Structures are given as C-alpha cells and as structure tokens.
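Trainee: Here the sequence shown is numbered in the working numbering, starting from 701 and rising by one per residue.
Calculated from the structure, these hints are not laboratory results.
A hint or two may mislead.
For lysine to aspartate or glutamate, the following EDC-like pairs were computed, each having C-alpha atoms within a straight-line distance of at most 16 Å [as the list claims (entries may be wrong)]:
hint: 1; residue 1: K893; residue 2: E853
hint: 2; residue 1: K704; residue 2: D735
hint: 3; residue 1: K943; residue 2: E983
hint: 4; residue 1: K704; residue 2: E853
hint: 5; residue 1: K704; residue 2: E826
hint: 6; residue 1: K841; residue 2: E952
hint: 7; residue 1: K841; residue 2: D744
What you are looking at is a predicted structure, and each value in this text was computed from that prediction instead of being measured.
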Amino acid sequence: MQRKVTKAVFPVAGMGTRFLPATKSVPKEIMTLVDRPLIQYAIDEARAAGITEFIFVTSRGKGALEDYFDRAPDLEATLKAKGKTDLLDLVQATNMDSGAIAYVRQNQALGLGHAVWCARHLIGNEPFAVLLPDDVIAADKPCLAQMVDAYAETGGNMIAAMEVAPSMASSYGIMDVPPSIGRVLPMQGMVEKPAPGTQPSNLAAIGRYILSPDVMRHLGEVKPGVGGEIQLTDAIAREIAEKRNVYGYRFEGQRYDCGSKAGFLQATVAFGLARAELGPELERFLFDMMAQRQAAE
Numbered sequence: 701m702q703r704k705v706t707k708a709v710f711p712v713a714g715m716g717t718r719f720l721p722a723t724k725s726v727p728k729e730i731m732t733l734v735d736r737p738l739i740q741y742a743i744d745e746a747r748a749a750g751i752t753e754f755i756f757v758t759s760r761g762k763g764a765l766e767d768y769f770d771r772a773p774d775l776e777a778t779l780k781a782k783g784k785t786d787l788l789d790l791v792q793a794t795n796m797d798s799g800a801i802a803y804v805r806q807n808q809a810l811g812l813g814h815a816v817w818c819a820r821h822l823i824g825n826e827p828f829a830v831l832l833p834d835d836v837i838a839a840d841k842p843c844l845a846q847m848v849d850a851y852a853e854t855g856g857n858m859i860a861a862m863e864v865a866p867s868m869a870s871s872y873g874i875m876d877v878p879p880s881i882g883r884v885l886p887m888q889g890m891v892e893k894p895a896p897g898t899q900p901s902n903l904a905a906i907g908r909y910i911l912s913p914d915v916m917r918h919l920g921e922v923k924p925g926v927g928g929e930i931q932l933t934d935a936i937a938r939e940i941a942e943k944r945n946v947y948g949y950r951f952e953g954q955r956y957d958c959g960s961k962a963g964f965l966q967a968t969v970a971f972g973l974a975r976a977e978l979g980p981e982l983e984r985f986l987f988d989m990m991a992q993r994q995a996a997e
C-alpha cells in the first residue's frame, strides 16, 4: 500500500509580472476569479484530495496572501450581528486551522524547482503534492483527487497531463510517453520547453504533481537548466532515469491558464456562466455584445 499524500506545496513566490500594474501591490494568487481568489480554488482542490498540511513558498510582498487565511474577528462579528449568516459561513470557510499552514521563503527567483526545494525540511521523507494556483481546473471530481486515486494503484510519481498543439509545446514541460489511450501513462522521459519540432509528444505537464521525496534529492543536485533556473522537470527526468516510476495522468476536466490575461478572462467567463445566480444575466450580456459587434462589422 502506498503512503497517503497529506502534504501539499504551493509555489506562490512569483511576482506576477504579466498582471502589472495590479500585482504591484496585490499578490497574483489573491486576484479574484468571480468571487474567490485563485489560491482558494487550489486550497479547495487540495482539501478534496485529502491534504491536511499546506506549505506555501512565498517571497517579499506576499503579506496579503498570508493574511487571507487568518481569522477576521471584526468582520465575522459584524456579519453575525447583522444576521448575514451565509456570508459569515463563506468567510469562515477560508480560515485555516492553527498549525495546518506553513510558510517558507524563496529569497531568490531561481525557478519552480528551486521553489519546491525550499520546502524540503517540511516534507521530510513523505510523498507530497504540488499545486500551481495559476492552473485552475474545472472538473466534476477535482483533478488532484483523481490523481490521488490513480497514485494509490501506481505509487511513484504522477503528473497531470494535457494535450497541447505542437506550436505550444515549447512553453511546457513535455512528456516522452509510449502511444496509449489510457489515463495513466508510464513516462520514458521529460523535456522542459523543447525547441520547436523536437518535442517527444503532444502531452504537456501542467500544475498538478504527486512526487516522491527522492525528487527533493534530485532538486538539490541538478544544475540550472532552461532560463538559468532550477527546473522541476530536470529533477523528474532524473527520477525517470533512475527508477522508471513516473506516470503522466490524463485528467478529466477543463484547465484554464490563469497566469495569462487571456486565460484569466476565459476562466472568469466560464466560471461565471456556471453559477446559477450569475449565468443567465452574463449569457445575455455576452449574446448582446456579440450581436452588436457583428452588426457593426
């Protein structure tokens, strides 16, 4: 039986330069998708997968992110006094229990692999998940929960996989996998941001991982790779070479790249349309707007 995955690392140290000037003072991770910050979607997904220990890798200027998970006694008292129990429940659901959440600093911008490595002392010798809040996944069963179920059968390491167009492969870590129609794919290798035309497949790794503690050892040994950064992909490639125990996982659901402006807007529309209290009005607005644009053309 595999050890249960109860710890998750959330790399949230990035400066969010693609969303400047908003991210000059607001951490990207608490920018709101409809009415919840991006980080809340990641936390909710982790909780649904059985995660009980949450490790945030932060940097300077992330104080608002840390404050978000604290209790807000004045706000809660005001909502209670006014009988706004629904809002009170929403606010209290964002609170994290004492000791459930920990913060470590990444004091140099040395890449995703380095950010994950910063959490090594809190991970110890246990398997762990990594969730990138930029990747928001709409699914009936949360993506990480799907992966945890599959991991119970395979052990080792597991990475969420998504098909991408050949023209986009150079923006991702690309998996080298044998031809397969299944969801669980044994990986033969992995390449970070391959040059156009050299990608081993059309399956890209996205921001959900279940990793063994050996990956932390590899991260401490690998040299800077693409972009002069410590690449998580390079450490995973070492694990594949050593043990052949890394699997891609084709998840069920729709992924939105909320690290880009276009992806963030697409997610806002999709999540807004999915809300019963917002969808009809938003749909009418979009329909009327498109009709006006077509008439103007």
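Trainee: Below or equal to 16 Å on CA atoms is what counts here, so check K841 against E952.
Mentor: At roughly 8 Å apart (the allowed maximum being 16 Å), E952 and K841 satisfy the hint.
Trainee: Against the 16 Å threshold, does the CA-CA distance of K943 and E983 hold or violate the hint?
Mentor: Outside the cut-off at roughly 50 Å; violated.
Trainee: So if I understand the rule, the pair passes when the alpha-carbon distance is 16 Å or less; does K704 with E826 pass?
Mentor: 9 Å, holds
Trainee: For the pair we were handed, K841 and D744, check the Cα-Cα distance against 16 Å.
Mentor: OK: K841 and D744 at ~12 Å, within 16 Å.
Trainee: For the pair we were handed, K893 and E853, check the Cα-Cα distance against 16 Å.
Mentor: 30 Å, violated
Trainee: Are the Cα positions of K704 and D735 separated by 16 Å at most?
Mentor: 32 Å, violated
Trainee: Below or equal to 16 Å on CA atoms is what counts here, so check K704 against E853.
Mentor: 12 Å, holds
Violation of the numbered hints given earlier is confined to hints 1, 2 and 3; the remaining hints are satisfied by the structure.
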